[in-house]
Amino acid sequence: MEPNDFRNNWKNISTPNLSSKSIYDMLKTNTHPVLRNAKLQVTIESIFLVLFLITYYTALDGQDKPLYINIIFAGTILLNVIQQLTIFNLPSYISAESNIRTSLKSYKRNLSRFYILTIVTRISFMFGFILFSTSNIIWGTNKLISLMLLVVIFFIQLILFQRTWYKRIINIRNDIQYFEDGE
Amino acid sequence: MEEAQFLTMIQTFQPMLYKICRVYRPSRQDQEDLFQEIIYQLWKSQHSFKGNSQIKTWIYKVAINTALTDFRKKKPDIRYTDQIPDTESEFSNSDSTNQETLFIEALQQLTDGEKTIITLYLESFSYKEIAGILGISENNVGVKINRIKIKLQNILNHGTK
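Line order of the protein sequences matches chains A and B. Under our numbering, think of the first position of the first sequence as 1, with each following residue one higher. Under our numbering, think of the first position of the second sequence as 1, with each following residue one higher.
If you're looking for bench data, these hints aren't it; they were derived computationally from the structure. Warning: the hint list may mix true and false statements.
[What the hints assert, rightly or not] With a straight-line Cα cutoff of 30 Å, these simulated BS3-like cross-link-like pairs (lysine-lysine) come out: (1) B/Lys-56 to A/Lys-108; (2) B/Lys-50 to A/Lys-105; (3) A/Lys-108 to B/Lys-128.
[To be verified] From the structure, some residues in chain A lie toward chain B, with a derived Cβ separation under 10 Å: (4) Asn-99; (5) Thr-102; (6) Leu-111; (7) Gln-177.
Every residue, glycine too, gets a C-beta built ideally from N, C-alpha and C.
Isolated chain A (complex conformation):
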């Protein structure tokens, strides 16, 4: 196949013919599985965090802890909920007047912001949790092991998040670099 044939080959690619009804259904329900799963996960996590925020004071003896510790802990939970919900603003939209390079740059900024803020708020949540759970308690081996386990699980989750999202940012960065190379 010669380069001159490329356009002809492209033209001759067979394509299916979706019915108007199938296309209409796509307009009415955005069921993209990957984004839907990410949003579902965030929604469930946020609901749990809000429930935790409402119940922790009585369930975890918040009245026995200093007020400032309660405020820090509740604040870090609330920050996590707010940060998680920003995922709904992530999808990239391009206006008719814009171009792909500008759109990708803006998308990369949003992804990076989401990535950094999520890591910061999750670490602050862990910090708040450790501060809360270690305040006014008598340490025993079991309590120490439990706390260590929780910290380990938390960091594994954070590393998994970091790897997935960093890869997404790198992919977009590579696309931008490719377009800018030679400018």
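Given the coordinates of chain A, work out where chain B should sit on it, guided by the hints.
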């Protein structure tokens, strides 16, 4: 734009959109997901189209932008069914010829940036139009197209990049 008008427009341009999906996503399920996402993004962003550019240019911009920024599955999506379906999916590639499959597979081996430029070229956009869509210079477009053509031919002739 009314719903009926929009559906007619998509009907007109669906071969082009389908080809983009095939180039950017190797599995049929991923192609269907991307196609659906592109339709959805077009519907949502249609208010931004004021008719200052060609409708094909706008559709292409949204489609490419969605293909580049859309989240992908980490693993291939394998779905098992209890029965063999009586009819093929509307997205079936059963009519593909051997040459067509080889060409698409060669395109799939390019990087996302290269796919973007070569598909615009294959859709007969001028260098000026490609430069406008991507936000880069015409000279850069020309250089990149030549390099991609050579790379594509190498893949087709030798099966390697």
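For each hint, the structure was consulted:
Simply put, B/Lys-56 and A/Lys-108 have alpha-carbon atoms about 26 Å apart, close enough for the 30 Å limit, and the pair holds. Of the supplied pair hints, the one linking B/Lys-50 and A/Lys-105 holds, its CA atoms being roughly 23 Å apart against a limit of 30 Å. A distance of roughly 26 Å separates the Cα atoms of A/Lys-108 and B/Lys-128; the hinted pair therefore holds under the 30 Å criterion. The restraint placing A/Asn-99 at the interface with chain B holds, with a minimum CB-CB distance near 3 Å, inside the 10 Å limit.
The interface hint given for A/Thr-102 holds, since its Cβ lies 6 Å from the closest Cβ of chain B, which is under the 10 Å cut-off. The interface hint given for A/Leu-111 is met, as the beta carbon of that residue sits about 9 Å from the closest beta carbon of chain B, less than 10 Å. Because the smallest distance between the Cβ of A/Gln-177 and any Cβ of chain B comes to about 8 Å, under 10 Å, the interface hint for this residue holds.
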